[in-house]
Amino acid sequence: MAKAKARVKVPKSVTKGEVFQVKTLIKHKMETGQRKDKKTGEKIPRMILNKFVCNYNGSEVFAADWHPAIAANPYLAFYVKAADSGTLDMVWTDDNGQSFETSAKVNVTG
Amino acid sequence: MVNKFEMQPVARRDLLKLAGVGALTVVTGSLLPGLAKADAASVAEAIKKLIGDKQPAEGRITLELPQIAENGRTVPIALEVDSPMSDTDYVKAVHVFADKNPRPDVATFKFTPGSAKARIATRMRLAKTQNIIAVAEMSDGSVYMAKNQIKVTIGGCGG
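Protein chains in written order, with this note's numbering: chain A, 1 to 110; chain B, 1 to 159.
What the hints contain is simulated information worked out from the structure, not anything from laboratory work. A virtual CB, placed ideally from N, CA and C, is assigned to each residue, including glycine. Be aware that a few hints might be false.
Selected chain A positions facing chain B (Cβ under 7 angstroms, derived; list incomplete) [said to hold, decoys possible]:
id: 1; residue: V19
id: 2; residue: A64
id: 3; residue: A71
Derived DSS-like pairs: lysine-lysine, alpha-carbon spacing no greater than 25 angstroms straight-line [what the hints assert, rightly or not]:
id: 4; chain 1: A; residue 1: K43; chain 2: B; residue 2: K117
id: 5; chain 1: B; residue 1: K110; chain 2: A; residue 2: K9
id: 6; chain 1: A; residue 1: K105; chain 2: B; residue 2: K117
id: 7; chain 1: B; residue 1: K128; chain 2: A; residue 2: K105
id: 8; chain 1: A; residue 1: K29; chain 2: B; residue 2: K92
id: 9; chain 1: B; residue 1: K128; chain 2: B; residue 2: K54
id: 10; chain 1: B; residue 1: K100; chain 2: A; residue 2: K43
id: 11; chain 1: B; residue 1: K128; chain 2: A; residue 2: K38
id: 12; chain 1: A; residue 1: K9; chain 2: B; residue 2: K117
id: 13; chain 1: A; residue 1: K51; chain 2: B; residue 2: K151
id: 14; chain 1: A; residue 1: K23; chain 2: B; residue 2: K117
id: 15; chain 1: B; residue 1: K110; chain 2: A; residue 2: K27
id: 16; chain 1: A; residue 1: K23; chain 2: B; residue 2: K92
id: 17; chain 1: B; residue 1: K117; chain 2: A; residue 2: K16
id: 18; chain 1: B; residue 1: K48; chain 2: A; residue 2: K5
id: 19; chain 1: A; residue 1: K29; chain 2: B; residue 2: K48
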């Protein structure tokens with residue numbers, strides 16, 4: 001699995017039971033398959049990230065299936081309820097099945 | 001996988017034109033009132049693939065979209081579904097469609113009770129002025145739908 005060219009934003013610390021927002025941004029062209037090469041007139045083949053999964057301490061908490069209508073450099077914000085301190089693991093998968101991952105620490109107090 | 005996507009929508013649209021859109025509008029008209037006939041067919045088909053024959057009720061979904069998208073290549077969208085998000089009563093998935101894009105599917109967002117809030121924000125590509133439709137599937141099997149129109153000044157699908 002490759003390291004994702006991605007940024008993740010979570011609050012510095014959260015209290016147990018608090019619902020917090022996770023913001024993610026990954027660099028990717030999200031080639032739709034609709035664009036034509038200006039020189040050859042050929043359609044540039046589709047190559048997008050089609051799946052996103054977020055695991056919180058090993059359990060899937062949120063996921064998404066993406067189609068070419070998701071904009072390039074996909075931004076995605078979602079919410080998670082704070083349970084135990086630990087890690088949010090995020091994995092994006094492309095049309096070839098290649099995966100890109102990154103993670104963020106969750107610091108839960110109280 | 002790429003070929004499969006390319007072939008199916010074209011073939012079905014040709015068949016629809018031959019068979020007569022009239023018969024289909026009886027079904028699709030009741031499912032998605034207020035949408036233009038040709039667009040309703042492809043969105044209805046895409047929805048049926050995901051939720052089967054269930055008829056969505058209106059409500060519970062808030063769609064946040066700009067009234068006008070200046071740049072179709074990146075259009076912000078946020079949506080939230082009203083739900084307790086408890087272990088026994090939560091939103092399982094929300095499917096988003098754009099009825100005048102080359103293909104109507106935009107994304108599916110899958111929640112768990114651990115999400116605590118069925119709210120997301122992201123950015124889409126829109127080809128032209130059209131309707132955005134969200135369909136939410138609840139843990140109890142019920143289905144809800146919301147639809148907003150958005151004007152697009154410059155289309156964002158390339159080509």
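Status of each hint after checking the structure:
Interface hint at A:V19: satisfied, since its Cβ lies 4 angstroms from the closest Cβ of chain B, which is below the 7 angstroms cut-off. Among the interface hints, the one on A:A64 holds; its C-beta lies about 5 angstroms from the nearest C-beta in chain B, closer than the 7 angstroms criterion. With a cut of 7 angstroms, the hint placing A:A71 at the interface with chain B holds, because the nearest CB-to-CB distance is about 4 angstroms. Of the supplied pair hints, the one linking A:K43 and B:K117 is violated, its CA atoms being roughly 40 angstroms apart against a limit of 25 angstroms.
For the hint pairing B:K110 with A:K9, the CA-to-CA distance comes to about 20 angstroms; that is within 25 angstroms, so the pair holds. For the proposed pair A:K105 and B:K117, the alpha carbon gap of about 20 angstroms is at most 25 angstroms, so the pair holds. For the suggested pair B:K128 and A:K105, the alpha carbons sit about 40 angstroms apart, so the restraint of at most 25 angstroms is broken. Restraint check: the Cα-Cα separation between A:K29 and B:K92 comes to about 29 angstroms, which exceeds 25 angstroms; the hinted pair is violated.
Between the alpha carbons of B:K128 and B:K54 the distance comes to roughly 29 angstroms, so the proposed pair goes past 25 angstroms and is violated. Distance hint between B:K100 and A:K43 is fulfilled; the C-alpha atoms sit about 20 angstroms from each other, no more than 25 angstroms. Restraint check for B:K128 and A:K38: satisfied, since their Cα atoms lie roughly 22 angstroms apart, inside the 25 angstroms limit. Of the pairs offered as hints, the one joining A:K9 and B:K117 holds, with about 17 angstroms between alpha carbons and a cut-off of 25 angstroms not exceeded.
A C-alpha spacing of about 28 angstroms is found between A:K51 and B:K151, which places the hinted pair above 25 angstroms, so the restraint is violated. Taking the CA atoms of A:K23 and B:K117, the gap is about 14 angstroms. The hint holds against a cut of 25 angstroms. Between B:K110 and A:K27, the direct Cα distance comes to roughly 22 angstroms. Compliance with the 25 angstroms bound is thereby established for this hinted pair. Note on A:K23 and B:K92: the hinted pairing holds, with a Cα-Cα distance of about 20 angstroms set against a maximum of 25 angstroms.
A distance of roughly 15 angstroms separates the Cα atoms of B:K117 and A:K16; the hinted pair therefore holds under the 25 angstroms criterion. With a C-alpha separation of about 35 angstroms, the suggested pair B:K48 and A:K5 falls outside the 25 angstroms cut-off, and the hint is violated. Taking the CA atoms of A:K29 and B:K48, the gap is about 30 angstroms. The hint is violated against a cut of 25 angstroms.
In the structure shown, a violation is registered for the earlier hints numbered 4, 7, 8, 9, 13, 18 and 19, in ascending order.
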